[in-house]
Amino acid sequence: MPILILLLMGGGILMLISASKDMSTYSTFAQVKRSGETAKVVGVLAKNKPMYYNAEEDPNLFRFFMTDQEGEIHEVTLNAPKPQDFELSEQVVATGSFVGDEFVASSILMKCPSKYKNEEVLVRSNM
Amino acid sequence: MQDIQYIGEHLLPGRLGHFFVITAFVSAILSILAYRKRVLFPDDLSWRKLGRIAFSVHGISILSVIGILFYIMIGQMYEYQYAWDHVSDDLPLKYIFSAFWEGQEGSFLLWMFWHVILGGVLILTAKRWEAGVMVWLSAVQLILVSMIAGIYFTDAIRMGSSPFLLLRDTMQAPIFNNPNYLSLIEGNGLNPLLQNYWMTIHPPTLFLGFASVTIPFCFAMTGLWEKDHLAWLKPVMPWTLFSTGILGLGVLMGGAWAYEALSFGGYWAWDPVENMSLVPWIVLLAALHGNFIARHTGLSLKTTYIFYILSFLLVLYSTFLARSGILGEESVHAFTEMGLEWQLIGFIAVFTLAGIYLMISRNKSIPVVEKEEKIQSREFWMFVGAMVLAFSAVLITFSTSIPVWNKLIDVYGSLTGSGDMSMYHKAMPLDPIDHHNRFQLWNAVLIAILSSVAQYLRFGAMAWDSFKKRFTKHILLSLAIGLVFAYLLSLWIFLPSWQYIVMLVASAFAVISNVDYMIFFAKAKLTSMASGLSHGGFALMLIGIMASGLNKQTISQNRFAQEGMAEGLNAGENAFLIKGMPMFMNNYWVTYKSDTLEGFTKKYEVEFIKVNAEGDTIEQFTTYPNILYDRQLTKVATANPNTKKYLDRDIFTFISGLPPEQQDRANIRKVDSLLEYTLHYFQPGETKRINQFDVSLDSIVLGTHHSEYHEEEDDLVISGAVTIADTLGQQQHIIHPTLIVRQGLLYSLADQINDLNTRVRLKSNTLDSLFPVEAALTYEPLVIKSGETQSWKNLKITMEGIDKRIDHPNYISAEGDIAIQAVLSIQAENGKNYTARPLFFIREGSPLNMKAFVADLGLHVKLERIDPETETFHLFFARMDEVARLPIEIAEEVPRNDYIVLEAILFPGINLFWAGSILMLLGMFLGMYKRLQKR
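Chains as they are written, first to last, in my numbering: chain A, 1 to 127; chain B, 128 to 1062.
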């Protein structure tokens, strides 16, 4: 019996170690580009830059500009419809990576001021 | 500001409420002290009496606080911040419960409410355990009351956040200089996202679940405290089963809510808040199994203690994560910070330290069985199962707590003076669903196998040795049938990797062996089937998870988009649907047929027709996803999915996008300002070629056929009936651009032909040319008999008769009115016929009239008098010199506004998930019932 429990614990620790490898980091556009990996970029919507969403042309394509915490402005592509009230978002967390020069987000989490409370909305694209 | 005498405030309920909060606090302390004495001096019954009185006072106080808060909310007393924040004048009464526990203070009260109820049950049933358990329960209540106490020590340091705060004390605003500010404010109301029945039933269930975890914890603490390490195991069993059942139900309801009413497109997203409501449940299950083992063998007693204590601490931890705002960037569940983070941490710390202290100080007195459990015994495998459960909880908590680890790193950094530690911060896994599924899959496999094999070992190692043959036969048979079952399922369920094949085989085996167990060993006797039901149900649930999750299929994909996509990129999950135009996607013809506005909800009718290769319809259904607008009907507040349910599959549909104009009224002007309009003057009947269109004005109408016009009293409405045809003659549309004068304001309602990307509106000066001031007109009389035809200027006028059905647009009937309308048929110069219906009526003895206007002719007609003797009608005619010309503005290349973006997902076998989980919970309640029967 002790052997079995030891085995179980060993397996558990292995799992925990490999689970911790799944952890991601908060990053900036420059870092993500340099590393070539997928990460979460925290920033705000660049409100003076154009946003693109045209359901008629492609209901699953939304583009916007985002300023990361280093102040770099970069365009973000999301393969999902534009979230409601995206213009009002106070903070955006975009999870994604660079495809060439394009930052493609697999999901974005936005924080919106609301008269009710700080609502958060998660938008996932199916990647 | 203190000097202002405010008008209309109700200050008494708040003071009473605060009084009862303090009473609840003090009586909880008394209850702890009295019951503690009862434990220390078991022979003195008076302490029990005092304890019961104290807890009763506490219970009544809590109920009073709840009652008063309801009174304030139902009475819409906006002088109280809590009412102002969660109620509004137009909030339906059925949502008052939802509004009550929307706020943190209300949800704490809900939690305390259940503790009071459960405490009452304990006093009546717990007998020898009453005193000890009530000490701990009162201690938990004491701290919970402190969360809503609202006692300020200094301005910055306070204990709890009171629900009875006055609005004017919570914020500084100039409005509070007005003594009558109450007449000026209106409540915020309940978030539209929460205005559904889920919000009414989910929180009470979940909080009953949370509250019920407290009771086994109190038993465990009492067992340690009183050094009565074995006796508590039996009475705690029904409580544990009740708790696993109710908390499980609460978590499941959360999933059902997410699936039915939110846009997540699934029932479980491994969101931190979801995870941390699941973890205490898993640990409690481990405690339940530890309890079994400890009672039957005396082994694993310490582990059982730890599991029971941990399950409660994890409830507190989950409360902390959800309410402290620490999850900030990681969770979609919205919770505002209440400024109670440190108090919540203190809450956890107090009970963690108490648990650790008791575990250490009582360590020596906990009996340890020196023998080792044999590998053939059920208890051995049960212990392994409990460990797997515990490990699963550790893993989920580990990943979910990443924001907490970050905070701890920061604390370490500030303690050691290393400064900014943010470079060591981690974020949650990029794809949390994949992350958790990948690891929990193995826990699920292990539990499925353990829960089936262990069933056969129910009589300990002895039974195994004597019934070896029979058990082996059953295990092998179940395995064989399970394999066939798994094979059949694999024909239906697409399995992306070998891990899932293992999981399918394990769950199929577990289902079959538990069915076998229930038939041959439990002899199909309902009360003996508890464990078979819960374990078999769990395995069935796993199959449902695989079927609905792995075979989830997106229907809503526009094919053209797919073809144009770059390689490696997915086509996306949302389809563009034009009203009335069927689109073919993944074997379905999908049509957005119509939409209707009812109250604040716009319901969309979306039809799905599935055809086979021969083109025959093999399936047809309609779903009704909807959009909820805010109360001003200006902005979309939330979108609600709608699901077509079959026995073997669900089709989930959701509006994920709308034309900007329909999302927000503010966009109407924005979109319109980007268009380039050209101005053209039209006489009625005139046709012009404008670019590639033939445009003609058929007539000018008082009133309109515009589909978006909703009549209001005293509206003055004029519209043009405009025909637009493309020059190829393939398409022809009639539209109704409209002008409305409503309460002195002029509104222009443009009309649009989406198929031609054209929008048409009337220029706002139209009214002046069409409705000259009465003084500018020269009326000429005309006396005519019924049936007679006369000429007036170039017009031929026939008096057709009179009509008592009054349809004059400006006429509002009053009692005692005598009213008739003359029916005149008028032939114009060009031979076209028109009808005019001037109105004559007698009100309170005076003759009055209302003119008729034939816009196309610019003709005004009045009926001033009817002479009954000569049977003549005295009419007056006026005609404008120039025939009216309507200024029409036309814009081309207008974006469509008649579409929806739809998400439609097929979930096969999702009912297996629901059925499995319900069976599992049923098994738990059955187990509780069985144990209550035995007592």
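Read the hints as simulated data drawn from the structure, not as lab findings. Note that the structure is a prediction, hence the values are computed from the model and not measured. Glycine included, each C-beta is placed from N, C-alpha and C at the ideal position. It cannot be assumed that every hint is accurate.
[Claimed, not checked] Heads up, simulated DSS-like pairs for lysine-lysine below, C-alpha to C-alpha not over 27 Å straight-line:
1. K361/B to K491/B
2. K111/A to K553/B
3. K21/A to K534/B
4. K652/B to K720/B
5. K762/B to K47/A
[Claimed, not checked] Now the in silico label distances, taken between C-beta atoms and shown as ranges:
6. Q91/A to N305/B: 28 to 38 Å
7. I17/A to S183/B: 47 to 57 Å
8. L1049/B to I17/A: 35 to 45 Å
9. Q31/A to I560/B: 38 to 48 Å
10. Q91/A to K354/B: 49 to 59 Å
11. I278/B to N48/A: 39 to 49 Å
12. Y52/A to T905/B: 24 to 34 Å
13. G100/A to A740/B: 37 to 47 Å
Results for each hint:
{"no.": "1", "hint": "K361/B to K491/B", "verdict": "holds (22 Å)"}
{"no.": "2", "hint": "K111/A to K553/B", "verdict": "holds (20 Å)"}
{"no.": "3", "hint": "K21/A to K534/B", "verdict": "holds (19 Å)"}
{"no.": "4", "hint": "K652/B to K720/B", "verdict": "violated (53 Å)"}
{"no.": "5", "hint": "K762/B to K47/A", "verdict": "holds (20 Å)"}
{"no.": "6", "hint": "Q91/A to N305/B: 28 to 38 Å", "verdict": "holds (36 Å)"}
{"no.": "7", "hint": "I17/A to S183/B: 47 to 57 Å", "verdict": "holds (53 Å)"}
{"no.": "8", "hint": "L1049/B to I17/A: 35 to 45 Å", "verdict": "holds (38 Å)"}
{"no.": "9", "hint": "Q31/A to I560/B: 38 to 48 Å", "verdict": "violated (25 Å)"}
{"no.": "10", "hint": "Q91/A to K354/B: 49 to 59 Å", "verdict": "holds (53 Å)"}
{"no.": "11", "hint": "I278/B to N48/A: 39 to 49 Å", "verdict": "holds (48 Å)"}
{"no.": "12", "hint": "Y52/A to T905/B: 24 to 34 Å", "verdict": "violated (59 Å)"}
{"no.": "13", "hint": "G100/A to A740/B: 37 to 47 Å", "verdict": "holds (41 Å)"}
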